[in-house]
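Protein chains in written order, with this note's numbering: chain G, 1 to 367; chain S, 1 to 170; chain D, 1 to 521.
Each hint should be verified, as a subset may be incorrect.
Pairs of lysine-lysine, DSS-like flavour, derived with a Cα cap of 27 Å [stated by the list, open to error]:
no., chain 1, residue 1, chain 2, residue 2
1, G, Lys223, G, Lys96
2, S, Lys128, S, Lys152
3, D, Lys186, S, Lys82
4, S, Lys152, G, Lys96
Example chain G residues on the side facing chain D (calculated, C-beta under 7 Å, incomplete) [to be verified]:
no., residue
5, Met89
6, Trp91
7, Tyr123
8, Pro256
9, Phe330
10, Arg336
Cβ pair distances, simulated, as ranges [unchecked claim]:
no., chain 1, residue 1, chain 2, residue 2, range
11, G, Lys348, S, Thr158, 49 to 59 Å
12, D, Glu407, G, Gly307, 51 to 61 Å
13, D, Asp74, G, Glu97, 19 to 29 Å
14, S, Arg89, D, Cys309, 52 to 62 Å
15, G, Leu58, S, Arg89, 52 to 62 Å
These are computed hints drawn from the structure, not numbers from a lab. It should be emphasised that the depicted structure is a prediction, and the values quoted were computed from it without experimental measurement. Ideal Cβ positions, reconstructed from N, Cα and C, are used throughout, including at glycine.
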Amino acid sequence: MRLWLKRLYRLYFQSDPFKAGLCLLAALTGVSILLGLAWLLGKALWDLGISAWGVDFLRLVLGALWVLLVLFGNALLLVWVERKVAGHMQWRIGPKEVGPFGLLQSIADAVKLMGKELVSPRYVDKPLYLLAPFLIFMPCVVVLLVIPFDPHLQIRDINVGIVLILAFSSLTSIAVFMAGWGSVNKYSLLGGMRSISQQIAYEIPMVLSIVPVVMLSGSLSLKGIVEAQKVPYLLLQPVAFFIYLISAVAEVNRTPFDLPEAESELVAGYHIEYSGMRFAMFFLAEYTNLFIVSALLTTFFLAGYKGPWLPGWAWFFIKTYLVVFVIMWFRWTFPRVRFDQLLNFSWKFLIPLAMLNLVVTGGVLKL
Amino acid sequence: MEEGGLLVEAVGPRVKLGVLEEFLNLARANSLWPMTFGLACCAIEMMATVAARFDLARFGAEVMRPSPRQCDFMIVSGTITKKIAPVVRTLYEQMASPKWVVAYGNCAISGGPFVFEGQYNVIEGVDKVIPVDVYVPGCPPRPEALLEALLKLQEKLTGVRRFPGPERRW
Amino acid sequence: MVAEGLLRDLDAIGCVVEEVPYERKGYWFDVKAQKEKLPELAGAFDQHGYFVEEVVCVDWREELELLYHFNHWDDPRRFSVRTRVKATDPEVPSIWNIYPGAGWHEREIHEFFGVKFKGHPNLSYLFLHPDIDFYPLRKDFVPVTEEDKRVLLGRFPEGDEESFWLNMGPQHPSTHGVLRLLLKMKGEFIEDMEPVLGYMHRMQEKMAEERSYSQYYPNTARMDYVAPLAFSLCYVLALERCCGIEVPERAQFIRLIAMELNRIASHLLWLGTYLLDLGAATPYFFAFDDREQILDILEGLTGSRLTYCYYRIGGVYEDLNEGFLEAVDRFIQRMKRRLKDYDELVTGNAIFLGRTKGIGVIPKEVARRYGVTGPNLRASGVAFDIRVCEPYDGYRFLKPKVALREEGDSFARYLVRLDEIRASLSLLEEAISKVPEGPYRVEKLPKRPPVGDVFFATEGARGEVGVYIVSDGSDKPYRLKWRSPSFSNFVSFTEIGKGMLIADAVATLGSLDLVVPEMDR
């Protein structure tokens, strides 16, 4: 018996996937502390009973603070988590020297990027080149407004939340193309063009896989979808889950679909000519997008904030970060897909599959 | 050289920031992103330093960006020939300040074992092309030497040596 | 056999063929030809299925001598075709239309020696910097003539309406080294390409003429720094062949063990960097970790991690250290387990298969015309391995298993290299149990090698490594020429690369396993 326990210990506690998971757990504890404080603040203010007009204004302010907290806190955290997870999966430890367990690494990176020279090559198309890093951020902020972190922690519950999200997440491809075109460079142009075709190609399966979810829950608002999930839709719509997962990874340009920034082919793709803080914006936007698509995946398929005995936001963040972990796992396991294979996969396989799934769901619901 | 490149003038920064500069230097020292400029044999040892055994990422130097605009320091590892010298120059000028250069290996320091009477293609040392901050001798130097070079660069930035060696006691 | 048929044809053309002792010279037949007969000769060789290993030029001050080394896959008896031209106006008909691979060697000879090849389409600068104004490898200072300079600076890329020139390299994240390819692109398809080499030209051949034989030896390790023992072995064996030195058996076994370990290390490095090219970052770390185990073993034996100066003319530098054989044994057992991991992680991966299956096929004819050797050739279905066809050193006692695949695409090259790792592991297992006792070095060495020339070919990790040494009786080589496998492998890419997607080009270049400094020498 002891021998078996010892083996179990050695297998699980000392293997690298577990260490990678441990980093995740550390991340979650950090986040939960921050969020607990935020929640307490919100509850306290709610209980204070200010007038309706004041409450609304206060909600707006707190909402803005919340968005900023999630955005930057999440990005900082995910940079560290990614490097640690990557490190452990590659038989090494990631950042270790900068603060305990390398926790201050993201802060060092951020400060360094702020202090870097903003090199603007002479021949770039100034408006496009300068606007792109900011434009890539705006959709993230808008989408964060409607995600239900908790039954009481959603900044605005718009009744067509899904439409809003889908509309704004397409804006990132415009920003990427602006970056690619604006930096007058053949490689970034190739990167930008690839990004546009990729994002268009994978929007459609994404939408098609969300429609069965809407059909099952009968509502377009995100809170309504979460509330309607007595059973997580992962079990009712496994096909839609996988299609959405793959399309989400393609939408945020992560490996195996990271051709727009394919390092070995295109020397950093569409953000070749960006340095310093502008590059940091792209970096930040990537991790924020990652968080957003994982959050949406949890909302649609994993029953959002629902769960026993822990508060809603804790479950939400646990589930979201688990999905983030899985997506990071993809990155360090698979090689890159070739571009025409990528498009073929979407148009010839994912879209027919998604439509089939839609038809079957519709048929089953009718019966 | 392409028309757009400007010579980096050797004047110091025009704005001195005092304590903030120290803080910035601390942040910069802890997150030095190298640029992969592997030319010859020393490139393999540089790759081995990034690999799992001599993990360079421990010190924050993980993100090896291939684009020069996003890197902090350039590890010139390998022989500089006449053909590659303008490329090195261009890449150095494309890097965003503040930037540093590590000459890794004997060839980058002074031409290495390829200097002989009547040689016509090797430039004897990369410091004839770009300014160098740290020199790492060896043919090829061990990966630990590259880690030491990184620590020396951090010492140059912050003034504090991270892992003081035994010889520094006095 | 093939050679007999060829000898009849050569008689018909009217060349003087002489049989030479292979044990002292490294080739079997010495053919002296007039330069006008060269295209006819090349045609005869082509008809019988020979391939060109290399083209060498030697400067004899009043005359320039051109040597063409031909070899055959099934009948590996080397032919060495010589012709002499006057140094004042060297002009030779080119054989590029029969052997395009030889055409590339001719281009190199033109810029280094000034030999004009009639009929060659493109004699512009390949390795040298355009600022140079003399022919480097000539013994005396011979300036470049005006008209030759025009030819050398000749071809510049032209574009048209729909295509544009994309520059790949010289700084690559793909870690091939400094290779520059000018690709004429139509959208994402490659129409034409113009390689620019020579960014790592470190004058190895010129340096050999300035250094004595033992002084030059460390340079051999810097040629191909991933598997340096192949070049060291080739050099050392060539000198032993030329002087007729008999190496003790223990030394031969030690050399074989070190060489095979080096081969495994080289293939592991290739694996890591190839998958990094394709986008998978993790196998790189695993491969490098395994490689570190080998480097530990070799460091205990030789003292260095990367550029070994271990072999000596007549044996090895020092005997095996304690624990070496046990360490190799432990490594073999560990590596066999690790290969299963690689298979699971990489070989069955659908994305990897999609990126490599059917990509970059090298047909046998193309391989023959360009002189492709090594795992690239064995992946195209030709079982040509110098260790088996022309055994040398320790391989006379132990025969490795030749890995063979038929398809010739990048996936086949990947599988062949994995199979070669397995074959090396079993060879190592056999070797460490059979190492005999005895001296590890020859005690007395001759002071100088005799006058004459010698050629030696070994099987490196990338293909056939060859060295051709001309000695004039002094302690420095008169001419030393390396036959670089990466150069011959690379020039085949200029033919198969046309019409590819750029992502496929990256995958194919990676699978060819190029190391640029041995191309540029």
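Tested hints:
no. : hint                            : result
1   : G:Lys223 / G:Lys96              : violated, 40 Å
2   : S:Lys128 / S:Lys152             : holds, 22 Å
3   : D:Lys186 / S:Lys82              : violated, 32 Å
4   : S:Lys152 / G:Lys96              : holds, 18 Å
5   : Met89                           : holds, 6 Å
6   : Trp91                           : holds, 6 Å
7   : Tyr123                          : violated, 16 Å
8   : Pro256                          : holds, 6 Å
9   : Phe330                          : violated, 10 Å
10  : Arg336                          : holds, 3 Å
11  : G:Lys348 / S:Thr158: 49 to 59 Å : holds, 55 Å
12  : D:Glu407 / G:Gly307: 51 to 61 Å : holds, 52 Å
13  : D:Asp74 / G:Glu97: 19 to 29 Å   : violated, 60 Å
14  : S:Arg89 / D:Cys309: 52 to 62 Å  : violated, 33 Å
15  : G:Leu58 / S:Arg89: 52 to 62 Å   : holds, 58 Å
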